[in-house]
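When you get a sec, could you build the whole thing from the sequences and use the hints?
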Amino acid sequence: MEHVSTTSPYFGVFVLFVITFGAFYATTVAARWASRALARKDTEKLKLSIYECGPEVTKQPNRISTQFYLFALLFLLFDVEVVFMFPWAIDFKLLGWFGFVEMLMFILLLTIGFIYAWKKGALEWHNIK
Amino acid sequence: MFEQLFLILPMAIVVMGAFVLLLLSKTFSLDKLNLVAVFFLSLSFIIEILRFGTTTVCYSFPEIFGKMYIIDDFSILFDLMFTAGAILTLLINTAYFKSRNYYNGEYFALILFSVFGMMILAHSNELVTAFIALEIASLSVFALVGYHKYNKVSSEAMMKYMILGSMTGAFFILGTAFIYGAVGSTNLEDIAAYVNVPAEKDLVLVLIGGIFIMVTILFKMGAVPFHSWVVDVYQGAPFPVTMFMASTFKIALFAIALRLSLIDFASLNIVWSEILQVITVLTLIGGSFLAITQKSIKRMLAGSSVVHSGYMLIAYSSIGLGSDMAAPAIMFYLISYFLSAAGAFGILSFIATGSKKMMTYEDFKGFSERRPYLSAMMAIFMLSLSGFPSTIGFLGKFYIFTSAIESGQILLAGLGIVTAFISVYYYFKLIAMMYFYPSTDQQKKFPFDFSGLLIGVMAMMVIWGGVGTSLIPFIPGANGLIDIAKQAIDSLQNVL
Amino acid sequence: MMEITLQHYLVLSTILFAIGLIGVMRRKNLLLLFFATEILLNAVNIAFAAISSYYGDLTGQMFAFFIIAVAASEVAVGLGLLVLWYKRTGKIDLDAMTSMRG
Chain B
1 MEHVSTTSPY FGVFVLFVIT FGAFYATTVA ARWASRALAR KDTEKLKLSI
51 YECGPEVTKQ PNRISTQFYL FALLFLLFDV EVVFMFPWAI DFKLLGWFGF
101 VEMLMFILLL TIGFIYAWKK GALEWHNIK
Chain R
130 MFEQLFLILP MAIVVMGAFV LLLLSKTFSL DKLNLVAVFF LSLSFIIEIL
180 RFGTTTVCYS FPEIFGKMYI IDDFSILFDL MFTAGAILTL LINTAYFKSR
230 NYYNGEYFAL ILFSVFGMMI LAHSNELVTA FIALEIASLS VFALVGYHKY
280 NKVSSEAMMK YMILGSMTGA FFILGTAFIY GAVGSTNLED IAAYVNVPAE
330 KDLVLVLIGG IFIMVTILFK MGAVPFHSWV VDVYQGAPFP VTMFMASTFK
380 IALFAIALRL SLIDFASLNI VWSEILQVIT VLTLIGGSFL AITQKSIKRM
430 LAGSSVVHSG YMLIAYSSIG LGSDMAAPAI MFYLISYFLS AAGAFGILSF
480 IATGSKKMMT YEDFKGFSER RPYLSAMMAI FMLSLSGFPS TIGFLGKFYI
530 FTSAIESGQI LLAGLGIVTA FISVYYYFKL IAMMYFYPST DQQKKFPFDF
580 SGLLIGVMAM MVIWGGVGTS LIPFIPGANG LIDIAKQAID SLQNVL
Chain E
626 MMEITLQHYL VLSTILFAIG LIGVMRRKNL LLLFFATEIL LNAVNIAFAA
676 ISSYYGDLTG QMFAFFIIAV AASEVAVGLG LLVLWYKRTG KIDLDAMTSM
726 RG
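Chain order of the listed sequences is B, R and E. So the first sequence is residues 1 to 129, counted in the numbering used here. So the second sequence is residues 130 to 625, counted in the numbering used here. So the third sequence is residues 626 to 727, counted in the numbering used here.
Rather than coming from a laboratory, the hints here were simulated on the basis of the structure. It is possible that part of the hints are untrue.
Stated by the list, open to error - With a straight-line Cα cutoff of 20 angstroms, these simulated EDC-like cross-link-like pairs (lysine to aspartate or glutamate) come out:
hint: 1; chain 1: R; residue 1: 155; chain 2: R; residue 2: 235
hint: 2; chain 1: B; residue 1: 120; chain 2: R; residue 2: 235
hint: 3; chain 1: R; residue 1: 289; chain 2: E; residue 2: 718
Claimed, not checked - For each label pair, taking beta carbons as the anchor points, the in silico distance ranges come out as:
hint: 4; chain 1: B; residue 1: 23; chain 2: R; residue 2: 483; range: 53 to 61 angstroms
hint: 5; chain 1: E; residue 1: 653; chain 2: R; residue 2: 579; range: 56 to 64 angstroms
hint: 6; chain 1: R; residue 1: 325; chain 2: B; residue 2: 68; range: 35 to 43 angstroms
hint: 7; chain 1: R; residue 1: 340; chain 2: B; residue 2: 30; range: 26 to 34 angstroms
hint: 8; chain 1: R; residue 1: 424; chain 2: E; residue 2: 654; range: 54 to 62 angstroms
hint: 9; chain 1: B; residue 1: 89; chain 2: E; residue 2: 681; range: 19 to 27 angstroms
hint: 10; chain 1: E; residue 1: 686; chain 2: R; residue 2: 400; range: 29 to 37 angstroms
hint: 11; chain 1: E; residue 1: 636; chain 2: R; residue 2: 400; range: 53 to 61 angstroms
hint: 12; chain 1: B; residue 1: 71; chain 2: R; residue 2: 505; range: 49 to 57 angstroms
hint: 13; chain 1: B; residue 1: 71; chain 2: E; residue 2: 713; range: 19 to 27 angstroms
hint: 14; chain 1: R; residue 1: 609; chain 2: B; residue 2: 121; range: 46 to 54 angstroms
hint: 15; chain 1: R; residue 1: 502; chain 2: E; residue 2: 644; range: 55 to 63 angstroms
hint: 16; chain 1: R; residue 1: 424; chain 2: B; residue 2: 98; range: 41 to 49 angstroms
hint: 17; chain 1: B; residue 1: 89; chain 2: R; residue 2: 155; range: 33 to 41 angstroms
Where is the CB? At the ideal position from N, CA and C, for every residue including glycine.
Dropping the structure here:
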């Protein structure tokens, strides 16, 4: 291909991509190597123990329930979908009834997902099956 | 308005079925859910069959969506394969998911969501739509792979696949961003118009973008530099899901790959047919090694599915070198591979229903004494996969190698034939195990059931595709199939 | 004061993508792997938004929305499965995944 040339304005971007890739990779390798080489091979018991301001290390007393993660995931999913409603709201008059019906369908599909999560018991505390 | 809605009806039926299954998943029994899923899929299948060949190329809601969603014979043929693949997966495995306790109602909804994603992928005429469709299909498959959530192997396979899959998904969208930067549009026809007009334009960005997109597609196909996940994921996934991935999901990737290379990047094909040739050689050799070294049948079939991707990549790289035969050859090979692989995995999961141990070559010793009909069908599928004459797999390979020779890639065709001979080793090893070794287990009575009948029909189709035309006149055989494939490819090329 | 052009945005996006890629390749913690994939997708988002404003064409920004949605669903599925994996094994380390050697 004759018009594939290095004079393209975007060629620099590509070169930079390759170089940053190489450079970052080299840095991480170098950092690992350096930290391994420089670290003192000192396997004293006190040094390996976790620093906990004096008191003896115990298991984490207040373990966070995985329920929190599930709630967060559901929130994330339904929250992000709002992103599609902002452009629709701006062009509401232009899109007219078709856009309205379409957005209703979109919300309906989301609602089905919500009903599913509800029925599955994902919204109740300590009731995951 | 309603005509427009009718155009997207098959896809809408599938997604509505998925939602219905989701809502019913706690109230209905698995058998009923299975029937509901099959009902929605076959409704969609029937509409697509009626529509095939009758519609001209058209777009759904062009004034709102632009030309994002295209309907032509090409995409309808792929839709038929997806829905048929899902129906077969569900029907053959009716006994399997009752024998395992980890199945619940969401399984069917996930299969339907995945089929829905694949259908949009086949219809998408625009790169971002293709990306979203690919993600819908992939996310459902990720969840399906890890469906046996109390099994360590299954969850591990899923995590590996998920991480690698989402990383390569980002490559697809990066490639799209590059192309959007160069062309100013992500519509395939706009890109084709931009690429085809030779002017003083920079094609570097389009090329780099195209290569990134190809990386994603090749990864999901399991071509060799990106094959590390294939065997583990196929082993870790439950049998029905392995069957679904090997037969249906792989086809979906060729849908977008063919559309891209035939419309979008048609004039750039020459540039990357060299890259594709290298990948093809690697895939054929690496896949053969993967398949030879395995002891478990499931892992062997996973390795050999990489080799089959390699065969299709032979034809794929000859598209760029100006072979008219290549694209229909890929379509035909997809159909033949779909029949044989779905059959082979179907038999495996059918056997796995009864016993829970890992299926190795050793387990198949004397299988023909225990289950004569089933082992005969397994032998047919193995013969077809290895490309033995008088099966549909032979014709598929024949068309592929013809297209390679037509485009002057004689060495590549030769390598394909060599790997076909290598594949005889690992496929015939299974046949030998079944027929030439005495049985170690007690002989048991097995009841006749529907899944076995369905597998039998598929075995008949494999044979019919291979010899049908010469034996029974007036009934369309393999020639009919290749004509259908040609018709589909023609509908694709008429766009421009 | 230097003017910020399209090039700068693209360079930023490329650097972010490279960082994300390195993250996926070098990290062993599964949670950080998912962070890295998010960086990958958001790097592309920057590119889309920048190109879109360069052409004065709003579709690119619309695509960014879609990518946000895809990224969210990917992370939802991924983290959901990760919670499951953690419940089973008590680890979120890539090195713990050794039951299969392909």
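Taking the hints in turn, this is what the structure says about them:
{"no.": "1", "hint": "R:155 - R:235", "result": "9 angstroms, holds"}
{"no.": "2", "hint": "B:120 - R:235", "result": "11 angstroms, holds"}
{"no.": "3", "hint": "R:289 - E:718", "result": "12 angstroms, holds"}
{"no.": "4", "hint": "B:23 - R:483: 53 to 61 angstroms", "result": "57 angstroms, holds"}
{"no.": "5", "hint": "E:653 - R:579: 56 to 64 angstroms", "result": "47 angstroms, violated"}
{"no.": "6", "hint": "R:325 - B:68: 35 to 43 angstroms", "result": "54 angstroms, violated"}
{"no.": "7", "hint": "R:340 - B:30: 26 to 34 angstroms", "result": "29 angstroms, holds"}
{"no.": "8", "hint": "R:424 - E:654: 54 to 62 angstroms", "result": "33 angstroms, violated"}
{"no.": "9", "hint": "B:89 - E:681: 19 to 27 angstroms", "result": "22 angstroms, holds"}
{"no.": "10", "hint": "E:686 - R:400: 29 to 37 angstroms", "result": "31 angstroms, holds"}
{"no.": "11", "hint": "E:636 - R:400: 53 to 61 angstroms", "result": "25 angstroms, violated"}
{"no.": "12", "hint": "B:71 - R:505: 49 to 57 angstroms", "result": "55 angstroms, holds"}
{"no.": "13", "hint": "B:71 - E:713: 19 to 27 angstroms", "result": "21 angstroms, holds"}
{"no.": "14", "hint": "R:609 - B:121: 46 to 54 angstroms", "result": "52 angstroms, holds"}
{"no.": "15", "hint": "R:502 - E:644: 55 to 63 angstroms", "result": "58 angstroms, holds"}
{"no.": "16", "hint": "R:424 - B:98: 41 to 49 angstroms", "result": "59 angstroms, violated"}
{"no.": "17", "hint": "B:89 - R:155: 33 to 41 angstroms", "result": "35 angstroms, holds"}
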